[in-house]
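Work out the full structure, taking the sequences as your base and the hints as a guide.
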Amino acid sequence: MTWAWKDRSEGDYCAARVMLRPASPGTGVLAGGAVRDVLEMAGLENAIGKQLRSKNALNNARATIVAVRQMKHFSEVARERGIPVEELRK
315 MTWAWKDRSE GDYCAARVML RPASPGTGVL AGGAVRDVLE MAGLENAIGK QLRSKNALNN
375 ARATIVAVRQ MKHFSEVARE RGIPVEELRK
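Start counting the sequence shown at 315; every next residue gets the next number (this note's numbering).
Hints are supplied without guarantee of correctness; some may be wrong.
[To be verified] Estimated spans, in silico, between C-beta atoms of each pair:
id : residue 1 : residue 2 : range
1  : L402      : K369      : 31 to 41 Å
2  : R322      : E400      : 15 to 25 Å
3  : G347      : P398      : 31 to 41 Å
4  : C328      : A356      : 37 to 47 Å
5  : G396      : G347      : 15 to 25 Å
[Claimed, not checked] In silico SDA-like pairs for lysine to any residue, Cα to Cα no more than 20 Å straight-line:
id : residue 1 : residue 2
6  : K369      : W319
7  : K364      : Y327
8  : K386      : R322
9  : K386      : E359
Everything labelled a hint here was simulated from the structure, so no lab data went into it.
The beta-carbon is built from N, C-alpha and C at its ideal position, and this holds for glycine as well.
This is the structure:
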């Protein structure tokens, strides 16, 4: 399953905060350092990531994992709202 999520996701770990946003198809992973590594290993193909508040690579990686765990796929959001996926993508 190719991951595409609707809203931005944020993750905190200790002093590190990471913000992830969906990107247009074909954009690839636009993130630096540990955030990029985690997103590529998670299989996300189109994402924009930003490290906030900390330059510690390990804490940024852990904050990215927290943010990825909070993501919801389009089909999950549509199921929760009780609408078809096609309506959600408008």
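> Looking at the structure, which of the earlier hints fail to hold?
Replying inline: 4, 5, 6
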